[in-house]
Amino acid sequence: MGDWEAFLVLEEEPIVMPDRIWYLLSIKLSGEATQAELDEFYILHEQHPELEEAIQHITRYWLQPKETPTFSSAPDWLKHLERLKASGVEWDEADSSFADSDVLSVVSVNEPAHRIRQMKWWMVAAAVFIISLGAGWLAFIRPSAAGDQMILAKNNKNEFVTRPASRSQLSLPDGSKVWLNASSKLSYESGFGEENRNVWLEGEGFFEVSKNKALPFIIHTSRMDVKVTGTVFNVRAYPQEATSETALIEGSVEVALSGEKEWKYHLKPHQKLVVDEHGLIAENSNKPQHKAFSPAVTIPAFTASLQSLSKPLADQQVVETAWVYNLLSFSDESFRQVTNKMEKWYGVTIRFMEADMENWHFTGSFKDETLAEALTALKVSTAFNFVIQGNTVFISKPYTK
Amino acid sequence: MPYKRMLLPELQHAIATDDDQVAYAELFARFNPPLVAFVHSIVHQKEAAEEIVSDVFIRIWQKRKTLDQVQNLKMYLYVSARNYAVNKLRSKNHQLSLQVEELSVDLQCFSENPHEKAVIAEVQKELHRAVNGLPERCKLIFKLVKEDGLRQKEVAELLHLSPKTIENQLAIALSKLAETIRQATGQKKENKF
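As you go down the protein sequences, you meet chains E and H in turn. Mapping to this note's numbering: the first sequence position 38 is 38, numbers consecutive. Mapping to this note's numbering: the second sequence position 55 is 55, numbers consecutive.
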């Protein structure tokens, strides 16, 4: 072999021919391996137990979420938009899908004032309410048309609807009080308070039910019915969410799952019952007191579990009912659960760019923060980027510079 | 409204047929960061990298009517970004082709958040250091496959390298990481005895 050949070889790839197992691991992790290559990897893996530790570490390293605290993508987008418009290309600034903003922008700081105004209105409303109760009938009338809550009376049915990002307090003809969370609907028929005390709930409500042993107060939701005689509790039953729950603060309630009236769950204070719509039965923590679930009997089948209420954030405050005190809070909840709450709280849609971010966990509590402030605060514990465009928030992982 | 993550072909179609500006913004949010990082490895300059990627996206919006004809939008974005970057270099330095040896890749996988830093195992930190210590080309290939999720065939096409080279470079990267782990854990054991 002449010198020039040796030289050429040196210029080529490094002559290290690494073990095939590392190549196989890389295509396994990148999802490109064929079944034959996977089989080959498992055989090599078994033959080399000494590599076990390295394989595990590399796998963990490869699969961990990628994130860096680099600049947020919002300024990038705005910068890009400027260049795009400068290039003369057609761009509809009045695009209705970007809501009312003519320029895509981060939500401005005037949002909290808006919320505070809403709150003040409620206080007035609550006062109006108590007075009208004297008439023995509910009269909850909005001072203006573009309000946070609408009352509709049709077919002898009274219906209350709250808009996204607004919460309302109502009193019912029997003296019970209900705080209705955002995007929720509460209705009852005529005869309420005299013949029965049936209400229908879609969404979330915090109930203070006045005592009346003769007429049980029954809340009907799509997945469960809650029967009470006099007590304080929270029902969360948004149709689009995977689970519904009843959390008891004081007194006692009975819960019956829809479609199976005889199974009654008696909740004790500071317990909650969580129900989801999947067919499999999974019971967590405490067993129901009366009767164990058996699968495949109910249609639709539900999963239910009894849990303790989340740890109080402060005295007398439980995460489940914090919204009543105008507090948005969550305790070790997944990013998806957190954004579900934020969507209703701020009246926005939140989208994740990378699906696995939904499983990150957060604990926190917000009161007067704007959407941008709340997201910025969340970013401190786990870095992510967000862009607010009209009513949509895009959340992405920070990127590698 | 229940949240639904749009898939790339859905985004592409919405931009092409509905002039969907929100879909366009989402496409930008999803691909701007990795593309800027990729272009940065070629041009070595943050502002230039941002402008190049911005130009790529302007072109996407200009040509949106024909966007549905693109078979692999992700790859299209990377190849466009590479071409724009090479053109930029060529006009500046009269260089004729992309010199992968001159790449500089800065891989930063971990958050600087002190709390998270503390949680990350020592070995994982060692690994991160080891990846940053890989030769630039090896590091870029590793990053495009691991971080950006490109297929090996696509990386080969993007960097004008043979598939065999990609294969070797990935194997080299992982075997170096394995060596780092062996040393790190070996040291730990030595310290114990």
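Just so you know, not all the hints are guaranteed correct.
Unchecked claim - Have a look at the derived ranges for each label pair, beta carbon to beta carbon:
hint: 1; chain 1: H; residue 1: 9; chain 2: E; residue 2: 215; range: 19 to 27 Å
hint: 2; chain 1: E; residue 1: 20; chain 2: H; residue 2: 10; range: 54 to 62 Å
hint: 3; chain 1: E; residue 1: 52; chain 2: H; residue 2: 18; range: 22 to 30 Å
Said to hold, decoys possible - Some but not every residue of chain H turned toward chain E, in silico, with C-beta under 8 Å:
hint: 4; residue: 7
hint: 5; residue: 22
hint: 6; residue: 58
hint: 7; residue: 124
hint: 8; residue: 125
hint: 9; residue: 145
hint: 10; residue: 160
hint: 11; residue: 183
Hints listed in this document are in silico derivations from the structure and should not be mistaken for laboratory results. We put the beta carbon where it would ideally sit given N, CA and C, even for glycine.
Now the hints, each set against the structure:
1. Between residue 9/H and residue 215/E the Cβ separation comes to about 56 Å, which falls outside the hinted range of 19 to 27 Å.
2. The hinted window of 54 to 62 Å between residue 20/E and residue 10/H is violated, with their beta carbons roughly 38 Å apart.
3. Checking the proposed 22 to 30 Å range against residue 52/E and residue 18/H shows it is violated: the Cβ atoms sit about 51 Å from each other.
4. Hint status for residue 7/H: violated, given a least beta-carbon distance of 11 Å to chain E, over 8 Å.
5. Taking 8 Å as the C-beta cut-off, the interface hint given for residue 22/H holds, the closest approach to chain E being about 5 Å.
6. Taking 8 Å as the C-beta cut-off, the interface hint given for residue 58/H holds, the closest approach to chain E being about 5 Å.
7. Annotation: residue 124/H was flagged as interfacial toward chain E, and the flag holds, the nearest CB pair being 6 Å apart, inside 8 Å.
8. With a cut of 8 Å, the hint placing residue 125/H at the interface with chain E is violated, because the nearest CB-to-CB distance is about 10 Å.
9. The criterion of a C-beta within 8 Å of any C-beta in chain E is met by residue 145/H, whose closest approach is roughly 5 Å, and the hint holds.
10. The restraint placing residue 160/H at the interface with chain E is violated, with a minimum CB-CB distance near 15 Å, outside the 8 Å limit.
11. Hint status for residue 183/H: violated, given a least beta-carbon distance of 11 Å to chain E, over 8 Å.
Hint compliance for this structure: hints 1, 2, 3, 4, 8, 10, 11 are broken, all remaining hints hold.
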